[in-house]
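Q: Fit chain B to the known structure of chain A by using the hints.
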Amino acid sequence: AQKVTQAQTEISVVEKEDVTLDCVYETRDTTYYLFWYKQPPSGELVFLIRRNSFDEQNEISGRYSWNFQKSTSSFNFTITASQVVDSAVYFCALAEYGNKLVFGAGTILRVKS
Amino acid sequence: DAGVIQSPRHEVTEMGQEVTLRCKPISGHNSLFWYRQTMMRGLELLIYFNNNVPIDDSGMPEDRFSAKMPNASFSTLKIQPSEPRDSAVYFCASSALYGLHAYEQYFGPGTRLTVT
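Read top to bottom, the protein sequences are chains A and B. Sequential numbering of the first sequence, starting at 178, is according to this note's numbering. Sequential numbering of the second sequence, starting at 203, is according to this note's numbering.
Isolated chain A (complex conformation) (with noise of 0.2 Å):
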């Protein structure tokens, strides 16, 4: 069966501050994908970026940057000089069939200025 592990429950840094989020995933599938979703205060969820279990390769967006490493099954997410506009609770997915999303429990960032 899937499953999502995001261990922290809860963030705090200061602004300026590298953060790394940490997801760890099980699944039996070897064709999967892997996602990870903000929801800030407001309430909406927002789609960061998904990757396919076949592309390893680390993505950089601006100040967001992504590691998925298959030997220890984990997908995390750094975000380099934090903002307080980054405060928000990010979501690592895993869709064994592309469609279907099973979500883990979510890390509360909180950056303060």
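Hint data in this document are derived by calculation from the structure and do not stem from the laboratory. Hints may contain errors.
[Unchecked claim] Here are some of the chain A residues that sit facing chain B, going by a computed Cβ distance under 8 Å:
no., residue
1, 210
2, 217
3, 221
4, 222
All C-beta atoms, glycine included, are put in the ideal place defined by N, C-alpha and C.
A: Quick look at chain B alone, frame taken from chain A:
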């Protein structure tokens, strides 16, 4: 392009009443998902459709919940009769099955349901 549209944004109703939540997916998307979010249970997938056909409704809590997708641009989630434990935020999401952005689910703003 408009994103996923949900209505109403807020719904307050009394126990026993029927509640209907509505969703318009992103044009061109052929998968639609209904989720429920609560503090206790987090984000749960209730049901999803591919090409207007229900594929997996194993997350629907009980027979009081039903969902339909009569066409590619509209879906409803109905609760009848509603109970206080149904209070939650209900999200609709849509995605494409094919193409460069396949499986990327885009969420609507959600409907906050309160059952008193």
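Q: With reference to the structure, classify each hint as holding or not holding.
A: Evaluation of the provided hints:
no.	hint	result
1	210	holds (6 Å)
2	217	violated (12 Å)
3	221	holds (5 Å)
4	222	holds (4 Å)
Of the hints listed earlier, the one the structure fails to meet is number 2.
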